[in-house]
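J.: This is what each chain is made of:
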Amino acid sequence: MVTKLKETDVVIVGMGWTGGILSKELSEAGLSVVALERGDMRTAQNDYALPNIRDELRYVIRQELMQNASKDTLTARNNPSQEALPIRRLGSFLPGEGVGGSAIHWSGGTWRWTDMEFKIRSMYEERYGKKFIPADMTIQDWGITYAELEPYYDKFEAIAGVSGKAGNIKGVVQKGGNPFEGYREREYPLPPLKNILSSKLFSGAASDLGYHPFPRPAANASKAYTNPDGSHFGACQYCGYCQRFGCEANAKGGPQITVIPIAMSKPNFELRTQSWVTKVLRDKTGKKATGVLYTNLITGEEYEQPASIVLLCAFAFNNVHLMLLSGIGKPYDPVSGKGIIGKNYAYDTGVGSTLFFEGKNFNPFISAGGTNIVIDDFYGNWDFDRSGPGFVGGYIVSAGHNTALPIGYRPTPSGTPRWGSEWKAATAKWYQTAMAITTRSGVLPHRNNYYSLDGTYKNAFGQPLMQLTFDYQENELKMAKHGAEVVNRISQHLNPTKLAKASAEKRSWNVVPYQSTHSTGGTIMGTSPSNSAVNKYQQSWDCHNLFILGANVFPHNSAYQPTGLVGALAYWTADAIKNQYIKKPGLLA
Amino acid sequence: MKLYFALSVLLFSASVPAFGQDASLGKTKYQECVACHSIKPGENLMGPSLYGVYGREAGVVEGFRYSNALKKSGVTWDAISLNKYIENPQLFIVGGRMPYSGMADEEGRKNLIAYLMTLR
Numbered sequence: 000m001v002t003k004l005k006e007t008d009v010v011i012v013g014m015g016w017t018g019g020i021l022s023k024e025l026s027e028a029g030l031s032v033v034a035l036e037r038g039d040m041r042t043a044q045n046d047y048a049l050p051n052i053r054d055e056l057r058y059v060i061r062q063e064l065m066q067n068a069s070k071d072t073l074t075a076r077n078n079p080s081q082e083a084l085p086i087r088r089l090g091s092f093l094p095g096e097g098v099g100g101s102a103i104h105w106s107g108g109t110w111r112w113t114d115m116e117f118k119i120r121s122m123y124e125e126r127y128g129k130k131f132i133p134a135d136m137t138i139q140d141w142g143i144t145y146a147e148l149e150p151y152y153d154k155f156e157a158i159a160g161v162s163g164k165a166g167n168i169k170g171v172v173q174k175g176g177n178p179f180e181g182y183r184e185r186e187y188p189l190p191p192l193k194n195i196l197s198s199k200l201f202s203g204a205a206s207d208l209g210y211h212p213f214p215r216p217a218a219n220a221s222k223a224y225t226n227p228d229g230s231h232f233g234a235c236q237y238c239g240y241c242q243r244f245g246c247e248a249n250a251k252g253g254p255q256i257t258v259i260p261i262a263m264s265k266p267n268f269e270l271r272t273q274s275w276v277t278k279v280l281r282d283k284t285g286k287k288a289t290g291v292l293y294t295n296l297i298t299g300e301e302y303e304q305p306a307s308i309v310l311l312c313a314f315a316f317n318n319v320h321l322m323l324l325s326g327i328g329k330p331y332d333p334v335s336g337k338g339i340i341g342k343n344y345a346y347d348t349g350v351g352s353t354l355f356f357e358g359k360n361f362n363p364f365i366s367a368g369g370t371n372i373v374i375d376d377f378y379g380n381w382d383f384d385r386s387g388p389g390f391v392g393g394y395i396v397s398a399g400h401n402t403a404l405p406i407g408y409r410p411t412p413s414g415t416p417r418w419g420s421e422w423k424a425a426t427a428k429w430y431q432t433a434m435a436i437t438t439r440s441g442v443l444p445h446r447n448n449y450y451s452l453d454g455t456y457k458n459a460f461g462q463p464l465m466q467l468t469f470d471y472q473e474n475e476l477k478m479a480k481h482g483a484e485v486v487n488r489i490s491q492h493l494n495p496t497k498l499a500k501a502s503a504e505k506r507s508w509n510v511v512p513y514q515s516t517h518s519t520g521g522t523i524m525g526t527s528p529s530n531s532a533v534n535k536y537q538q539s540w541d542c543h544n545l546f547i548l549g550a551n552v553f554p555h556n557s558a559y560q561p562t563g564l565v566g567a568l569a570y571w572t573a574d575a576i577k578n579q580y581i582k583k584p585g586l587l588a
Numbered sequence: 000m001k002l003y004f005a006l007s008v009l010l011f012s013a014s015v016p017a018f019g020q021d022a023s024l025g026k027t028k029y030q031e032c033v034a035c036h037s038i039k040p041g042e043n044l045m046g047p048s049l050y051g052v053y054g055r056e057a058g059v060v061e062g063f064r065y066s067n068a069l070k071k072s073g074v075t076w077d078a079i080s081l082n083k084y085i086e087n088p089q090l091f092i093v094g095g096r097m098p099y100s101g102m103a104d105e106e107g108r109k110n111l112i113a114y115l116m117t118l119r
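Going line by line, the protein sequences match chains A and B. Counting in numbering that gives the first Met the number 0, the first sequence runs from 0 upward without gaps. Counting in numbering that gives the first Met the number 0, the second sequence runs from 0 upward without gaps.
Hints listed in this document are in silico derivations from the structure and should not be mistaken for laboratory results. There's no promise every hint is true.
Unchecked claim - Subject to a maximum C-alpha distance of 30 angstroms in a straight line, what follows is the list of computed DSBU-like cross-link-like pairs (lysine-lysine): (1) Lys70/B x Lys222/A; (2) Lys83/B x Lys193/A; (3) Lys265/A x Lys26/B; (4) Lys26/B x Lys70/B; (5) Lys5/A x Lys287/A; (6) Lys39/B x Lys265/A; (7) Lys582/A x Lys154/A; (8) Lys26/B x Lys154/A; (9) Lys26/B x Lys193/A; (10) Lys222/A x Lys26/B; (11) Lys480/A x Lys457/A; (12) Lys169/A x Lys222/A; (13) Lys337/A x Lys118/A; (14) Lys83/B x Lys222/A.
Since we're looking at a predicted model, the values are computed, not measured.
Given the sequences, and given the hints that come with them, work out the whole structure.
T.: Here it is as structure tokens:
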């Protein structure tokens, strides 16, 4: 039996960055807001304090902060001719679960995506001609501009406590920053993190070779900081437990120390944890969402939460899953190319080298999520001519240690046995002497990379699992080849004792080793209902009172990490709801 | 009784640095601590409440989980011990778990301690 609850103005599904931002903004605007989170209540003081949080076994190997794959997971395959099987243990990507979501265990990388992304098809066609873009590469313009988003990037960076060095303030290039970044109104809220030895070496070599190194912008507070909302950050202690962990010093930006506590202080806001949403409900016309159906995981009871506005703020692929389960919009069909929901899954990829320097002590345990130096000469740099290598997109190159953990971080030169006393001796010998140089490329969407509902496997609620069909294509291989050459050139310039060179091979995606949690697409943004699931306000074309937030709206992936854009879009959508939608409900223009 | 009182006041003041401290500047310095330490009585965040910290034994705030090292330290928080602790927490309490690398600026520490003295 379903118990129908009292109607609320807004129901929010999921309590990470986007759910937290919208909870705060809309409850402050006076709307009644109910947020439903399927995981646990977690707070910094109860869950991320020392000494318990520095536990690699618990949080990395046993994945305690991540989605529980025994309740709900995805099935995966590389192409439509294969049979998809369930991912029973998460590997390639790690969506977070519980209050704070994936923003608990992120590294903090915060980038501004520019018009090079939002106008990708038109810019490439204009410069390189229509034929340059492969027929099966389903990239499209987004219908939003950098100018529209600039104030919202600024807002998110200030709230999240981002450390960095500006490269372009109001069009004037700044020394030491990224000269290829989008123009900014002002400096980063905080100066860059300290430069560790591996970053310094990379920076020197990159400069020698004529590239433009700069510190990676990251929501790791380089100093104690109070954000514009009055939320307090401690200074980063370089403890090395960033990615996969909550921050023990309250130095890593996240909704749990910023927007969520503010929302929770409002009488018109209510957070219900252990509340698993199974469906978005609609009225008879199908054009309006009426609320959501959810199960209280403690009692097993089912509830209907009616609402005037429904916001999907779960992890990227869980938002898409909910759309498919609710039957909203037309599911994507790769054969005809028709349908939208599930289209344009994208991911990221890269290549890397490992350098060993006898006699150097890198102290890799001293690091943070953002202790990297990066070059953007082959991505944000639009002047970089792609016609020779023949790819769309590109890559950033970075070096510097992050989260080098006692169990997992064991660099050894090639030829070292994989186990036994020789391996032990080698890992002790080389531990202090190794650093890596890596590229990161966004995967470009392809006709055969998509989400759908699985026909065989079901989750704990008897609902079909999400099925992911994904593989790397030629474009990724071309980026990898070009990137490997640059990585090897920089690596050789540093003249290490031993070098494991970067190499690019044609290989299929594998769900087992961790690669990145940056899954994008599925409910993509665009200029009309014929090419997209949402408009530029992340508003569903099918139901105007349904907003779908997060990286699931990105029509393609970038070499930049996604969270800066996810956060900026969340504030942009919050403003659109507050200033336009509630005054005049309907499709926003 | 009267003598004891007078003596304790004398001892108390003797442990405070004689010059240079300014509680209002110290309140600004406390912004480095505020993300983890409340000044409200009984409000424990990442760290214990700092209300009444001055003159208190280390490791006794109710409801806060301390490291064994701090609990067994035998330290009482006065101007000398606070100064050493804030300068280099991990050196002063070996095995302590406050994730803070220390405040190098001596003047800042003095002012901060002057501010902590007012929290009562």
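J.: Determine for every hint whether it applies to the structure shown.
T.: Hint-by-hint comparison with the structure:
no.	hint	in the structure
1	Lys70/B x Lys222/A	29 angstroms, holds
2	Lys83/B x Lys193/A	25 angstroms, holds
3	Lys265/A x Lys26/B	28 angstroms, holds
4	Lys26/B x Lys70/B	27 angstroms, holds
5	Lys5/A x Lys287/A	18 angstroms, holds
6	Lys39/B x Lys265/A	20 angstroms, holds
7	Lys582/A x Lys154/A	23 angstroms, holds
8	Lys26/B x Lys154/A	27 angstroms, holds
9	Lys26/B x Lys193/A	26 angstroms, holds
10	Lys222/A x Lys26/B	17 angstroms, holds
11	Lys480/A x Lys457/A	40 angstroms, violated
12	Lys169/A x Lys222/A	25 angstroms, holds
13	Lys337/A x Lys118/A	22 angstroms, holds
14	Lys83/B x Lys222/A	21 angstroms, holds
Going down the numbered hints, you'll see the structure goes against just number 11.
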